[in-house]
Amino acid sequence: MTTLSSAPKPLTRRRALQAPVAALAAGALPAAWAQGTPTASAPAPLQIVGPWEISGLAPASSGYVFTRLQVTETLLDAADDGQPRPALARLWRRSADGLVWQFELRPGARFHDGTPVTAAAVVRSLQAAQVAPALLSQAPIESITAPDEGTVLIRLQRPHTALPALLAHSSTMVLAPASYGADGKVRSIIGSGPYRIAVLVPPQQVETVVFDAYDGPRPAIAAVRYLAASRAETRALMAESGQADLAYGLDPASLRRLQRHAQNPALARRTAVRIASVTLPRTVIVKLNAGLPALRDVRVRQALSLAIDRAGIALALMGDEALAATQLLPPTLGAWHNPHLPPLQHDPEAAARMLRAAGWQRHSDGLRDAEGQPLHLVIRTFVDRPELPLIATALQEQWRLAGMAVKVSIGNSGDVPRGHRDGSLQLALAARNYANVPDPTGTLAGDFAAQGGDWGAMGWHSDTVVQALQELTRTQTPPERTRALRQTITRTLQTELPVIPVAWYRQHVAVAPRLAGVTLDPLERSYRLTSMEWNNP
Amino acid sequence: MSSPPESLRAIPPEGGRTPVAWQSQFHGGAEAVPSVPPRPLRRPVRTVLGIALLGLLALFALLGPWLVGASPEVQDLRNTLAPPSAQHWLGTDVLGRSALARLAHAAQLSLGMALLAAVSAAVPGTLLGIVAAWRGGRTERALLMLSDSVLAIPGLLLVLLIAALAPGALWALYAGLSAALWVEYFRVSRAVARPVLAGDTVQASRLLGFGRGYVLRRHLLPALAPTLGTLLAFTTSQAVLALAALGFVGVGMQPPTPELGLMMTEAMPYYEEAPWLIAAPTALLVWLVAAMMLLNPDRETA
Amino acid sequence: MNPSMSKPWAALVGRRLVQVLAVSLLIGTLCFLMVRALPGDLAMRVAAGRYGYDLVSNAAADAVRAELELDRPGWLALLHWWRDMATFNLGQSLVSQRSVWHEVTHHLGATLRLSAAALAIAFAVGVPLGVWAGLRPKGWVDKASWLMAVVLRALPPFLLSVLLILLVAVQWGFLPAGGDESQASLVLPALTLGLGLAAGLARVTRAAMLEVVVSPFFEFARTKGLSDWQALVRHGLRNAAVPVTAYLGVQALFLVEGALVVETLFAWPGIGHALVHAVFGRDIPVVQGTALCMGVLFVVFNLLVDAACLALDPRHTQKVAK
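If you read the sequences in order, they're chains H, W and Z. Per my numbering, residue 1 is the first one in the first sequence, and the count goes up by one each step. Per my numbering, residue 1001 is the first one in the second sequence, and the count goes up by one each step. Per my numbering, residue 2001 is the first one in the third sequence, and the count goes up by one each step.
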């Protein structure tokens, strides 16, 4: 709108306000400019996405989340092969009779609130970890004391060689005394790791930044964010779109999708992720109730195993035929994997022969025993791992072809231990982590004890195995003897089949191109953030 | 889950406002102002089309499994996620099972179960409605209050909790669905029965000495039949969708039973490499919904 | 507010208050009874929820059982629950051990955000379409919106979301990641819910507009010399707003309930999703708290809608006061 006059314009309220606002804007602009430009080009935080949610702050519930993010530390670490390594404990000693263990703490270790890591704090955390289901409750501990500020003493009732492995489990992570509330429950996570928590929004988000007063080398990655996303497609898409630098828990479908997109030039605009893989010490097993009249006969159990087409299941449902289990423990657990064992086969004719030999007659509608009773079983499984119901369905069909009618019952993972205790369990399908604690001896001792185990044998026991496990647990045996004992155990488990192995697991992780130095921990204890760094663009 | 209610009919000429009605997938149009639709003299094209679609679907459900012949359970682990071919018209799923066979069995199972659920909602609902209309007074008020309260509970919660009483058991699903769906029958049958019972014909019959059974048979049921018939068709389709939604969410039937919602859940991760696996059950449900839509476009089907 | 207006308000609020109490009591007790009747060992389920399938065992379940004092007789627990409800003490989640109130608000916030986005989409798409269709009946917009309304209304949300996924993912090759709460991940779930609403909203708006256009006051406004647009804005919209608001009110339940399937599908951390998890995990306090909040929310929302209708149309006062 044009105005003609050269006369001064009247001072209206509008004009009176215009001037100071302009001045403010003029002054504010440079300030905003200065703030907007980053001083140095600090890269965005490392974004990790995974399926694991943070359900509560108790170490037994979600401790693994924080040890993986290297926010908290345990007394000991574990190497890839399960050998204990120093962590919060700089060195450790065992008395001659094996009953007293002494751990010396790192002198410079500090908690994130500035207080030093004292033996008293460690003792408190360990004592909290002695309540089930924390794994430390498995050890025959008599007392945990702190004779001085830098030493922790653990006294045992019996020798227990797996103690270092137990002390590497996330449920024994060490928290500062200030983490506990008045009722003894954990209220906040104040650990001693190279990263400290900046933001914690359970169940899905954690943000961490580097802890300046850490007494080890400073990591190259300055800030990390973890997000829980429950669908695998979501995680894969976040990796592709660049939203996530590390995407854990890729299922075979997402893996194939990522591989397809990588080869498709039309989709070149997306981030070219690469896939890192590691075989995990986790096995899909069929736990069975060997106390049932039908399953008491080892030939029936072997027939069940021979009827399983493991290669087919591994190919169709896990993406790789090589994951078909040949024995219970996968090659990752090098010391326990026995290459000399005859592998588990898929042989329907041999299965039929075994069943006939065990007294089961094949009729038109399936197997029947001498009295004419059909073979009906129920297999329980759960949806926490999405491939399990599918594997159960595949097994059901394969056993149907062999003449056994198996019904699939999908419920809660708690139904399996409950069925074990009240005897109602017939078959169960689970994914057992044999390196829950880095040394499988402890897990195996729990699963194949004389009275059986919640996730192991039921209605079956073998004195050979029990004695061998006891010897391994209680005494520090020389390497030759250790190997012999382990081979005895694996051979017995392979022939007697108290649990039937089906397949092993491989973990696939999508890695963004801007990230270097990524290695995967087969024991799933740590994301190994401290050894990662940014690729120079 | 549901769509807007359509009992907001065209504006009546007097300018008064019709009471708004609402409806959810699980409660199903409960507060609808009752209407006994006048029988049309000539069925419009869309009604014929709707009936035809519905009929085809029912035929597929009845005869499909027998026609397709292949078993929905036989697996072929080395031929998974195969695209449609001469051997498998709809390809194979993640376990190598014939998708077409599973679809046919799923249609049969879902429609059959839904019909059963609709009937198990219709019987108590209609009975209660008739009782309310007959007795009136305190009984009627009490029943009205009961139905109002049931409506206030999120329908899904009701079905979820009842279905969780026995996971995977069919009776629990029926019970849950009928607990949520009976209110509609109650309201409609009460609304239809009231004018009939207050009318002259029934008065005359009572005066002449005919008993309750006669009144029921000769007066009430003929009046209720057409409305209830349509309602049954709609409730069945609602139940199919509800069952599919429940199967999708994880409550409901257990694998390896072929059920539409379950098939959709299983096929979801493969939406890119095998979209036909999820497209097929989706198309079936869309078919059902389209048939319902054509039969009465003003009504909610979801 | 002048005294003659306060009576209907009082009646309105009073009625809804009674409804809130009745609904709370009914839902609370019903949930309590039903959840206790659920099969499966409660302590074991809670232990499985807390510790995961790698660590759950009979020893863990025993510890949980002792901690939760699950051996109390049923009637005593019911009395305790009624007392807790009265003092707004919803307890602690058995699985995560955080307060139920915290859990519910966290999840409810996410659901409300989703509902708000869906409503925004519905408004943005439905109302203009409905207004246009009402002003020009029988035009192509009218016919197109009728078709869209019929199709979208008939499709239940989970079907619609699957179709959207197939369209978006297969066609354009991306699926906005669900699960996290960023802006982008809100798009598809909100679109699913919002489109269904938009369709019905368009038809309702159209019907209301039609009525307005033939009404005497609109004629009068035009006679006065106001343009179509001015008459619409000054006189028409407020009248049209009443049935639209009432309609939205009845959709409240649809949004919260229907959001369940959408939330599960897109892994949106809302209250429906949390409810399913809680039922599976036998997390009784969370089930009870969630159900209560959903029921109360429904009543409160209806109250707001009634209030809005009252404010928009003073003629309502006679009807409400009855």
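Everything labelled a hint here was simulated from the structure, so no lab data went into it. Predicted model only: the values in this text are computed from it and were never measured. Hints may contain errors.
What the hints assert, rightly or not - Label-pair ranges, simulated between beta-carbon atoms: (1) Z/Leu2304 / W/Gly1209: 26 to 36 Å; (2) W/Arg1218 / Z/Glu2219: 50 to 60 Å; (3) W/Trp1089 / H/Ala405: 37 to 47 Å; (4) W/Thr1201 / Z/Lys2143: 39 to 49 Å; (5) H/Ala405 / W/Pro1124: 30 to 40 Å; (6) Z/Thr2029 / H/Asp384: 24 to 34 Å; (7) H/Leu292 / W/Gly1112: 26 to 36 Å; (8) W/Arg1218 / Z/Ala2311: 44 to 54 Å.
Claimed, not checked - Derived pair list, reagent style SDA-like, types lysine to any residue, alpha-carbon separation capped at 25 Å: (9) Z/Lys2143 / W/Val1045; (10) H/Lys185 / Z/Lys2143; (11) Z/Lys2143 / W/Val1048; (12) Z/Lys2007 / Z/Glu2211; (13) Z/Lys2143 / W/Gly1112; (14) H/Lys185 / Z/Arg2098; (15) Z/Lys2143 / W/Gln1254; (16) H/Lys407 / W/Ala1052; (17) H/Lys407 / W/Val1045; (18) H/Lys185 / H/Leu153; (19) H/Lys185 / H/Arg218; (20) H/Lys185 / Z/Ser2099; (21) Z/Lys2143 / W/Leu1053; (22) H/Lys407 / W/Trp1171; (23) Z/Lys2138 / W/Pro1044; (24) H/Lys185 / H/Gln259; (25) H/Lys407 / H/Glu496; (26) Z/Lys2138 / Z/Met2148; (27) Z/Lys2007 / Z/Val2018; (28) Z/Lys2143 / W/Arg1046; (29) Z/Lys2224 / Z/Asp2313; (30) H/Lys407 / W/Gly1112; (31) Z/Lys2138 / Z/His2235; (32) H/Lys185 / H/Gly216; (33) H/Lys185 / Z/Tyr2053; (34) H/Lys185 / Z/Leu2068; (35) Z/Lys2007 / Z/Leu2021; (36) H/Lys407 / W/Trp1287.
Backbone N, C-alpha and C define an ideal beta-carbon position, used for all residues, glycine too.
Outcome of the hint check:
no.: 1; hint: Z/Leu2304 / W/Gly1209: 26 to 36 Å; verdict: violated, 55 Å
no.: 2; hint: W/Arg1218 / Z/Glu2219: 50 to 60 Å; verdict: holds, 53 Å
no.: 3; hint: W/Trp1089 / H/Ala405: 37 to 47 Å; verdict: violated, 29 Å
no.: 4; hint: W/Thr1201 / Z/Lys2143: 39 to 49 Å; verdict: holds, 44 Å
no.: 5; hint: H/Ala405 / W/Pro1124: 30 to 40 Å; verdict: holds, 36 Å
no.: 6; hint: Z/Thr2029 / H/Asp384: 24 to 34 Å; verdict: holds, 32 Å
no.: 7; hint: H/Leu292 / W/Gly1112: 26 to 36 Å; verdict: holds, 35 Å
no.: 8; hint: W/Arg1218 / Z/Ala2311: 44 to 54 Å; verdict: holds, 52 Å
no.: 9; hint: Z/Lys2143 / W/Val1045; verdict: holds, 18 Å
no.: 10; hint: H/Lys185 / Z/Lys2143; verdict: violated, 63 Å
no.: 11; hint: Z/Lys2143 / W/Val1048; verdict: holds, 22 Å
no.: 12; hint: Z/Lys2007 / Z/Glu2211; verdict: violated, 30 Å
no.: 13; hint: Z/Lys2143 / W/Gly1112; verdict: violated, 36 Å
no.: 14; hint: H/Lys185 / Z/Arg2098; verdict: holds, 11 Å
no.: 15; hint: Z/Lys2143 / W/Gln1254; verdict: violated, 43 Å
no.: 16; hint: H/Lys407 / W/Ala1052; verdict: violated, 39 Å
no.: 17; hint: H/Lys407 / W/Val1045; verdict: violated, 48 Å
no.: 18; hint: H/Lys185 / H/Leu153; verdict: holds, 24 Å
no.: 19; hint: H/Lys185 / H/Arg218; verdict: violated, 31 Å
no.: 20; hint: H/Lys185 / Z/Ser2099; verdict: holds, 14 Å
no.: 21; hint: Z/Lys2143 / W/Leu1053; verdict: holds, 23 Å
no.: 22; hint: H/Lys407 / W/Trp1171; verdict: holds, 18 Å
no.: 23; hint: Z/Lys2138 / W/Pro1044; verdict: holds, 20 Å
no.: 24; hint: H/Lys185 / H/Gln259; verdict: violated, 45 Å
no.: 25; hint: H/Lys407 / H/Glu496; verdict: holds, 24 Å
no.: 26; hint: Z/Lys2138 / Z/Met2148; verdict: holds, 15 Å
no.: 27; hint: Z/Lys2007 / Z/Val2018; verdict: holds, 17 Å
no.: 28; hint: Z/Lys2143 / W/Arg1046; verdict: holds, 16 Å
no.: 29; hint: Z/Lys2224 / Z/Asp2313; verdict: holds, 23 Å
no.: 30; hint: H/Lys407 / W/Gly1112; verdict: holds, 22 Å
no.: 31; hint: Z/Lys2138 / Z/His2235; verdict: holds, 23 Å
no.: 32; hint: H/Lys185 / H/Gly216; verdict: violated, 29 Å
no.: 33; hint: H/Lys185 / Z/Tyr2053; verdict: holds, 22 Å
no.: 34; hint: H/Lys185 / Z/Leu2068; verdict: holds, 15 Å
no.: 35; hint: Z/Lys2007 / Z/Leu2021; verdict: holds, 21 Å
no.: 36; hint: H/Lys407 / W/Trp1287; verdict: violated, 33 Å
When each numbered hint is compared with the structure, violations occur for hints 1, 3, 10, 12, 13, 15, 16, 17, 19, 24, 32, 36.
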